[in-house]
Amino acid sequence: MTETIQVGTEVPDFTLNTYEPETGDFGSISLSDLKSSGKWTILFFYPADFTFV
Amino acid sequence: MGAELITVSCDTHFTHLAWHTVEKELRDVKFKMGSDKTGELARSFGVYIEDAGLALRGTYLIAPDGKLLFSEVNFLNVGRNIDELMRKFKAALYVSKKDEGIPSGWNEEGDLTLKPSAKMVGKVHEALANDGNPA
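Chains A and B supply the protein sequences, listed in that same order. Residue numbers for the first sequence follow our numbering, so the first one is 1 and each next one is one higher. Residue numbers for the second sequence follow our numbering, so the first one is 54 and each next one is one higher.
Hints are computed from structural coordinates only; laboratory data are not their basis. Watch out, some of these pointers could steer you wrong.
[Unchecked claim] The calculated label-pair distances, taken between Cβ atoms and stated as ranges, are:
no.: 1; chain 1: B; residue 1: Gly55; chain 2: A; residue 2: Thr23; range: 17 to 23 Å
no.: 2; chain 1: A; residue 1: Asp13; chain 2: B; residue 2: Pro169; range: 30 to 36 Å
no.: 3; chain 1: A; residue 1: Phe26; chain 2: B; residue 2: Gly175; range: 52 to 58 Å
no.: 4; chain 1: B; residue 1: Asn134; chain 2: A; residue 2: Thr4; range: 19 to 25 Å
no.: 5; chain 1: A; residue 1: Ser28; chain 2: B; residue 2: Pro169; range: 22 to 28 Å
no.: 6; chain 1: A; residue 1: Phe26; chain 2: B; residue 2: Leu165; range: 44 to 50 Å
no.: 7; chain 1: A; residue 1: Ser36; chain 2: B; residue 2: Val148; range: 18 to 24 Å
no.: 8; chain 1: A; residue 1: Asp25; chain 2: B; residue 2: Phe123; range: 28 to 34 Å
no.: 9; chain 1: B; residue 1: Glu76; chain 2: A; residue 2: Val7; range: 30 to 36 Å
[As the list claims (entries may be wrong)] In silico DSS-like pairs for lysine-lysine, Cα to Cα no more than 25 Å straight-line:
no.: 10; chain 1: B; residue 1: Lys143; chain 2: B; residue 2: Lys83
no.: 11; chain 1: B; residue 1: Lys143; chain 2: A; residue 2: Lys35
no.: 12; chain 1: B; residue 1: Lys176; chain 2: B; residue 2: Lys120
no.: 13; chain 1: B; residue 1: Lys143; chain 2: A; residue 2: Lys39
no.: 14; chain 1: A; residue 1: Lys35; chain 2: B; residue 2: Lys151
no.: 15; chain 1: B; residue 1: Lys141; chain 2: B; residue 2: Lys120
no.: 16; chain 1: A; residue 1: Lys35; chain 2: B; residue 2: Lys90
no.: 17; chain 1: A; residue 1: Lys39; chain 2: B; residue 2: Lys151
no.: 18; chain 1: A; residue 1: Lys35; chain 2: B; residue 2: Lys83
no.: 19; chain 1: B; residue 1: Lys150; chain 2: A; residue 2: Lys39
no.: 20; chain 1: B; residue 1: Lys150; chain 2: B; residue 2: Lys172
no.: 21; chain 1: B; residue 1: Lys120; chain 2: B; residue 2: Lys143
no.: 22; chain 1: A; residue 1: Lys35; chain 2: B; residue 2: Lys176
no.: 23; chain 1: A; residue 1: Lys39; chain 2: B; residue 2: Lys120
no.: 24; chain 1: B; residue 1: Lys83; chain 2: A; residue 2: Lys39
no.: 25; chain 1: B; residue 1: Lys141; chain 2: B; residue 2: Lys168
no.: 26; chain 1: A; residue 1: Lys35; chain 2: B; residue 2: Lys150
no.: 27; chain 1: B; residue 1: Lys151; chain 2: B; residue 2: Lys176
Everything numeric in this text was worked out from a predicted model, so none of it was measured. Note that CB positions come from ideal geometry on N, CA and C, so glycine has one too.
Please put together the full structure from these sequences, using the hints given.
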C-alpha cells in the first residue's frame, strides 16, 4: 500500500493517457511536462464515465 | 491563468471519447480527460474505492514546483462547486507571489489579506475590521 500524498508535500510524477476534446484525439500528459512548462495542475477525479459529474 | 485542469476517472481514454461524443452536456467541456485505468493515481491520493473500482470526487491543486497545495474530497453523491474551486485556486496563486494570509471571506485580488505578525496574535478580529491593522 502506497502512502497517501499529503497537502504540502511534493506529488510524485505521473503520466496519464488522455482523450483531448480540443483536438478530438488521444494523447498523454505527465506532471513533469506540466511542471517544466510552469503550469499549475488541477486534478479533478470523478467516479466514472456515463455517470453525472 | 496558466493552469491545466485534467478530469480523471478509472475508465479508458476510449470510453472517455465515447462518453464525450454521446453526452450532450459535455459538448462545451474541453478539459483533457485522463485515464487512470489501474486506479494507481486515485490510490496515491487516497480516493480509490477498492471494491467498486471507482474514484471519489477528489480535487487537487498542484503548484508548478510539484507541491500539493489543497485537496478536497466529496463522497459520490455530492457534486462540486466550480466557484469555490476557482476561489481557492486564485488564493493559492496570490499567496505564491506575496507573503500574506488569505482570510475565509477572501474572493479576489484587492480583497483584504492578512500579514501574519506578533501584533496579530489574538487580534485577528480587530485586523479584519480595521483594514488589516491589528491596532
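Hints, verified against the model:
1. Gly55/B to Thr23/A: 17 to 23 Å: holds (20 Å)
2. Asp13/A to Pro169/B: 30 to 36 Å: The hint (30 to 36 Å, Cβ to Cβ) holds, given that Asp13/A and Pro169/B are roughly 33 Å apart.
3. Phe26/A to Gly175/B: 52 to 58 Å: Between Phe26/A and Gly175/B, where Cβ atoms are some 56 Å apart, the hint holds.
4. Asn134/B to Thr4/A: 19 to 25 Å: Given about 24 Å between the Cβ atoms, the range holds.
5. Ser28/A to Pro169/B: 22 to 28 Å: violated (41 Å)
6. Phe26/A to Leu165/B: 44 to 50 Å: Hint holds: Cβ distance 46 Å, inside 44 to 50 Å.
7. Ser36/A to Val148/B: 18 to 24 Å: holds (23 Å)
8. Asp25/A to Phe123/B: 28 to 34 Å: holds (31 Å)
9. Glu76/B to Val7/A: 30 to 36 Å: holds (32 Å)
10. Lys143/B to Lys83/B: At roughly 21 Å apart (the allowed maximum being 25 Å), Lys83/B and Lys143/B satisfy the hint.
11. Lys143/B to Lys35/A: With a Cα-Cα distance of about 18 Å, the restraint between Lys143/B and Lys35/A holds, given a limit of 25 Å.
12. Lys176/B to Lys120/B: violated (31 Å)
13. Lys143/B to Lys39/A: Cα-Cα ~14 Å, so holds.
14. Lys35/A to Lys151/B: holds (21 Å)
15. Lys141/B to Lys120/B: With a Cα-Cα distance of about 15 Å, the restraint between Lys141/B and Lys120/B holds, given a limit of 25 Å.
16. Lys35/A to Lys90/B: Cα-Cα ~23 Å, so holds.
17. Lys39/A to Lys151/B: Holds, because 18 Å separates the two Cα atoms, which is no more than 25 Å.
18. Lys35/A to Lys83/B: holds (21 Å)
19. Lys150/B to Lys39/A: Between Lys150/B and Lys39/A the Cα gap is close to 15 Å, so the pair holds against 25 Å.
20. Lys150/B to Lys172/B: holds (23 Å)
21. Lys120/B to Lys143/B: Holds, because 16 Å separates the two Cα atoms, which is no more than 25 Å.
22. Lys35/A to Lys176/B: Since the Cα atoms of Lys35/A and Lys176/B sit roughly 39 Å apart, the hinted pair is violated (cutoff 25 Å).
23. Lys39/A to Lys120/B: Satisfied, since the Cα-Cα distance of roughly 12 Å is no more than 25 Å.
24. Lys83/B to Lys39/A: holds (17 Å)
25. Lys141/B to Lys168/B: Given that 25 Å is the threshold and the Cα spacing comes to 18 Å, the pair holds.
26. Lys35/A to Lys150/B: Holds: Lys35/A and Lys150/B sit about 17 Å apart, inside 25 Å.
27. Lys151/B to Lys176/B: holds (21 Å)
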